[in-house]
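Undergrad: Sequence:
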Amino acid sequence: MTFTESKAIKCDRFLYLSICVYLAKIDRALDFRSSCIEHIVYLSNNYLMSFFSK
51 MTFTESKAIK CDRFLYLSIC VYLAKIDRAL DFRSSCIEHI VYLSNNYLMS FFSK
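Going by the working numbering, the sequence shown opens with residue 51, and the numbers climb by one from there.
FYI, nobody ran anything at the bench for these hints, they're computed from the structure.
Among the hints, a few may not be true.
To be verified - If you anchor each label on the Cβ, the simulated ranges turn out as follows: (1) S68 / S100: 17 to 23 Å; (2) N95 / Y72: 18 to 24 Å; (3) S68 / L98: 17 to 23 Å; (4) S100 / L67: 18 to 24 Å; (5) K75 / M99: 27 to 33 Å.
As the list claims (entries may be wrong) - Calculated pairs, SDA-like style, for lysine to any residue (alpha carbon to alpha carbon, straight line, at most 25 Å): (6) K75 / H89; (7) K75 / L93; (8) K75 / N96; (9) K75 / V91; (10) K75 / Y92; (11) K75 / I90; (12) K75 / E88; (13) K75 / S94.
Beta carbons are placed, not taken as given, at the ideal position from N, Cα and C, and that holds for glycine.
Based on the provided sequences and hints, a complete structural model is requested.
TA: As structure tokens, then:
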């Protein structure tokens, strides 16, 4: 893994957390943790798929 790739992964993690916080603000009725984890898993899967399909 190159330095740029590891930086990108850190950025992605930050982005996931930002999205989670954003979603929690939009819909406080959602169970924050479970919805957050679901979104991270979904985004991670998409990221991995795009990474391996190159």
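Undergrad: If any of the earlier hints don't hold here, list their numbers in rising order.
TA: none
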